[in-house]
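Can you join these two chains into the complex? Each is in its own frame, and there are hints to help.
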Amino acid sequence: MEFSVMLGQLAEGMVQSICIFALTLIFSLPLGLLVSFGRMSKNRIVSTIFRIYISIMRGTPLMLQLLVVFYGPFYLFGANIGGMYRFIAIILGFSLNYAAYFAEIYRSGIESMPRGQYEAAKVLGYNGRQTFMKIILPQVIKRILPSVTNEVITLVKDTSLAFALAYMEMFTIAKQIAAANTTFVPFIVAGVFYYVFNLLVAVVMEGIEKKLNYYH
Amino acid sequence: MSLLEMKHINKKFDNLEVIKDISVSVKEGEILSIIGPSGSGKSTLLRCATMLEEIDGGEICYMGERAAWMEGKKACHPGKEAMKRIQEYFGLVFQSFNLFPHYSVMKNLTDAPINIQKRNKDEVYKEARELLKKMGLEDKEDAYPCQLSGGQCQRVAIARALALNPKILFFDEPTSALDPELTGEVLKVIRSLADLDITMVIVTHEMAFAREISDRVIFMDKGVVELEGTPDEVFTSGHGRMQEFLGKFNQR
Ligand SMILES: Nc1ncnc2c1ncn2[C@@H]1O[C@H](COP(=O)(O)OP(=O)(O)O)[C@@H](O)[C@H]1O
Ligand SMILES: [Mg+2]
Numbered sequence: 001m002e003f004s005v006m007l008g009q010l011a012e013g014m015v016q017s018i019c020i021f022a023l024t025l026i027f028s029l030p031l032g033l034l035v036s037f038g039r040m041s042k043n044r045i046v047s048t049i050f051r052i053y054i055s056i057m058r059g060t061p062l063m064l065q066l067l068v069v070f071y072g073p074f075y076l077f078g079a080n081i082g083g084m085y086r087f088i089a090i091i092l093g094f095s096l097n098y099a100a101y102f103a104e105i106y107r108s109g110i111e112s113m114p115r116g117q118y119e120a121a122k123v124l125g126y127n128g129r130q131t132f133m134k135i136i137l138p139q140v141i142k143r144i145l146p147s148v149t150n151e152v153i154t155l156v157k158d159t160s161l162a163f164a165l166a167y168m169e170m171f172t173i174a175k176q177i178a179a180a181n182t183t184f185v186p187f188i189v190a191g192v193f194y195y196v197f198n199l200l201v202a203v204v205m206e207g208i209e210k211k212l213n214y215y216h
Numbered sequence: 217m218s219l220l221e222m223k224h225i226n227k228k229f230d231n232l233e234v235i236k237d238i239s240v241s242v243k244e245g246e247i248l249s250i251i252g253p254s255g256s257g258k259s260t261l262l263r264c265a266t267m268l269e270e271i272d273g274g275e276i277c278y279m280g281e282r283a284a285w286m287e288g289k290k291a292c293h294p295g296k297e298a299m300k301r302i303q304e305y306f307g308l309v310f311q312s313f314n315l316f317p318h319y320s321v322m323k324n325l326t327d328a329p330i331n332i333q334k335r336n337k338d339e340v341y342k343e344a345r346e347l348l349k350k351m352g353l354e355d356k357e358d359a360y361p362c363q364l365s366g367g368q369c370q371r372v373a374i375a376r377a378l379a380l381n382p383k384i385l386f387f388d389e390p391t392s393a394l395d396p397e398l399t400g401e402v403l404k405v406i407r408s409l410a411d412l413d414i415t416m417v418i419v420t421h422e423m424a425f426a427r428e429i430s431d432r433v434i435f436m437d438k439g440v441v442e443l444e445g446t447p448d449e450v451f452t453s454g455h456g457r458m459q460e461f462l463g464k465f466n467q468r
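Residue numbers (the numbering used here), protein chains in the order written: chain A, 1 to 216; chain B, 217 to 468.
I should point out that these hints are in silico values taken from the structure, not numbers from a laboratory. Think of the CB as a built atom: it goes at the ideal place given N, C-alpha and C, for glycine as much as any other residue. Misleading hints may appear alongside valid ones.
Simulated crosslink set (SDA-like; lysine to any residue; CA at most 20 Å straight-line) [as the list claims (entries may be wrong)]:
#, chain 1, residue 1, chain 2, residue 2
1, B, K464, B, F425
2, A, K122, B, R335
3, B, K334, A, Y126
4, B, K300, A, R129
5, A, K122, B, K323
6, A, K122, B, N381
Computed spacing ranges between beta-carbons, pair by pair [stated by the list, open to error]:
#, chain 1, residue 1, chain 2, residue 2, range
7, A, R44, B, A424, 48 to 58 Å
8, A, N43, B, P294, 21 to 31 Å
9, A, M113, B, P294, 26 to 36 Å
Some but not every residue of chain B turned toward chain A, in silico, with C-beta under 7 Å [claimed, not checked]:
#, residue
10, Q303
11, L308
12, N314
13, F316
14, P317
15, A328
16, Y360
17, C362
Pulled out of the complex, with its shape left as it was, chain B reads as follows (with noise of 0.2 Å):
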């Protein structure tokens, strides 16, 4: 079973076409980047897998369980229990961290967890204060997100997604916004849970990084899903767009 099934989605803005019926399935301790070029659909996609957007068409299970679905021109969400539920499968971390500003780092960590998951507050701090270790980030808890550089709040943002036990973690472009010197701590750590076995989908610009970490790459451009496979299949491929989009790069 896969633990996350995007099934023939579509999502228009207005009138313009951004998901062309793309499915995309995960399967449990798999990693999958996404690349392409900007605008291509990319963050979309991964906001309509996390329900930030509502979907225009298609069908997104997580676990085997309808997440979103259509009823004639509508997306339809299951009850707010299932719902619930489902929310617990999957974590995001964004391009801009979008930390809580006014929580210092460890209540960024533990406030959901606690207040809305009902944890117990001591088993909460406790592998909060494990995960801070494991970003190298042990003596930063009562530290607030202004103190910090970008590649400690990316660390943050990631500790914190993975403070709610989530089954599968979605990056979106998560070095993006960092200086190229803060780039590699963030990457690190996100290798350092490929070890862990979490299952991850990551939006990325970094070539090498993705290439060395996935199972699977998805070489997205103009809405549509151009290439898939292993990482040696999507990169050594002839395809024309894909050898553009990397010409581009090794230009930089």
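If we strip away everything but chain A, and leave its shape as in the complex, we get (with noise of 0.2 Å):
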């Protein structure tokens, strides 16, 4: 197989990887904080629904999630689950995976902020919602920067997971390539994809952060 053909192969998985990337990052973001505010809920039956989804996502495999959130429908209701659904399952299954991480991110970040920072929007006048858009987000989005970062490093090197689900992403193609023309050099490929593809993650968060550097 000419190098250049396989190329062409890989860099159309490419753009699925970074599809699933970007969409996962999109929706768990916000999904997350949702999340974290269910967590953190005084209610106690719905703080325990979420801390029990949170720990059924980070304590069984995102592979084992991908298949059940793919083949679930038609084991559990016969569904039809060709087409378009495989990758709105990988979307799915990422982002409900991701969010539950994001959560205790936001969790530990908002648990962190002194009470004395609330305190003073409530004399000054800020209403609860205010307090935490204007007040406590941004400061949260500061301090739990570098865990996040690590969370979307690891997400880049967890899209290669869609191949459990025989998604046409970078890594399922690779192995492909691989088995077809027993040639070692897709894998080369892809390493230097994720590498390279987690090269530029770091440099954008970091500029991030130095965005933020303006207060401490």
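This is the structure in structure tokens:
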């Protein structure tokens, strides 16, 4: 197989991997915030439900969760799971899983905020929503950025788990080419891809951290 | 009419009675200092007055308007509109400043007046600059709290409270978190407010300052008001606990 043809096929996979990565972040970052609210809820039933959710998501393999999300509807309801659903299941599975991790990160950040910030805001007339959006959340984001960076780097590598659903992302394609042509080259290309991707992630996150470094 | 009226206030933490049937009233333009050993409930009293804590008994009125009262065992407050109005009557300066670290000095002062009180931007900025000048911080408006000394932070916090034009300003040990050499600049600023006839309630361990600035002094101990009167009356009283308290101070 020509190297350029191989690269072409792998490039298509890269686009899919980047798609999974981007969509997972877009959905799981806000979802994680909601989950953290649920987890911190004063209502014992609500907080217990979210505690269990987080514990399952963090306590079982992501690959298994992907299989459950994909095949679950078929085994449970006999639903037709072809076509677009494969991609939807991947995004759903990744987002639900990462939301749990992000939720715990948000929670640690929110709980680390000194009470004085809430009290100062209250006396100045901010309501609960304004206090959270204007005073608490911006500071929480700065505090949790290093932990978020860790998760994002893990996510880059985790996108390869989509091969469990035979989705045509980078890693699945690399495996196929390698098997069909008895060559090791696609794995090297894949490795370089993930590495460069993560270098980029590190640069971007460092940039954001620098931007927020105007105070401490 | 009193600006602030606290009647028969009780406050418990679990089973610990921290405020025991305290009544305090503050007239417009008056400066009241609250002194007493630590743990006597001074902060809690201010936190009840500013509704950071719910009372367990009694009633709080601002300008004759009920801000908190009891219905059965539960503290009640008026509706949203009235509460917002009452909230604007008072400001609080914390021991630990509690400035917003992600906001510049200017934004710390102007964010609430502009976005909460919905006042005119230009007017708010103009007033904020005047306030900063009064605090001796005219060159700090673009600085962030982390770039300031403790004394400067506390002066910003005072300016931030004043920017909302409160009728009464509470101070909870405004100089206790400061190095001794920075205490003076903050006390000087508070003194300058006294000249402007701003009503103030000051919890402080600066005895000379309290004696000099106050119209009235309250000595609290173990959740009750032990003594109340003019500075001279209180500081020269023969009251045992007060003597003991002042004695401890003079030894330091
Ligand atoms: N949130 C709280 N929970 C439990 N106990 C508290 C709380 N806040 C204050 N206390 C207790 O109430 C008492 C009075 O505290 P405080 O009002 O801070 O005294 P002061 O300001 O005069 O030093 C202390 O015994 C303190 O431990
Ligand atoms: Mg105190």
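Structure-based check of each hint:
For the hint pairing K464/B with F425/B, the CA-to-CA distance comes to about 17 Å; that is within 20 Å, so the pair holds. The straight-line distance between the Cα atoms of K122/A and R335/B is roughly 18 Å, inside the 20 Å bound, and the hint therefore holds. A distance of roughly 12 Å separates the Cα atoms of K334/B and Y126/A; the hinted pair therefore holds under the 20 Å criterion. Distance hint between K300/B and R129/A is fulfilled; the C-alpha atoms sit about 15 Å from each other, no more than 20 Å.
Straight-line distance between C-alpha atoms of K122/A and K323/B comes to about 17 Å, which keeps the hinted pair within the 20 Å bound. For the proposed pair K122/A and N381/B, the alpha carbon gap of about 16 Å is at most 20 Å, so the pair holds. A hinted range of 48 to 58 Å holds for the C-beta pair R44/A and A424/B, which are about 52 Å apart. The given range of 21 to 31 Å is respected by N43/A and P294/B, whose C-beta atoms sit roughly 27 Å from each other.
Between M113/A and P294/B the beta carbon distance is about 29 Å. The supplied range of 26 to 36 Å therefore holds. Interface hint at Q303/B: satisfied, since its Cβ lies 5 Å from the closest Cβ of chain A, which is below the 7 Å cut-off. Proximity of L308/B to chain A holds as hinted, the smallest CB-CB distance being about 5 Å (cut-off 7 Å). Taken as an interface hint, N314/B checks out: its beta carbon lies about 4 Å from the nearest beta carbon of chain A, inside 7 Å.
A cut of 7 Å between beta carbons decides the hint on F316/B: the least distance to chain A is about 6 Å, and the hint holds. For P317/B, the shortest C-beta to C-beta distance to chain A is roughly 5 Å, which falls under 7 Å, so the interface hint holds. The interface hint given for A328/B is met, as the beta carbon of that residue sits about 4 Å from the closest beta carbon of chain A, less than 7 Å. Satisfaction of the interface hint for Y360/B is found here, the shortest Cβ-Cβ separation to chain A being roughly 5 Å, below the 7 Å cut-off.
Interface hint status for C362/B: upheld, as the beta-carbon distance to the closest one in chain A is roughly 5 Å, under 7 Å.
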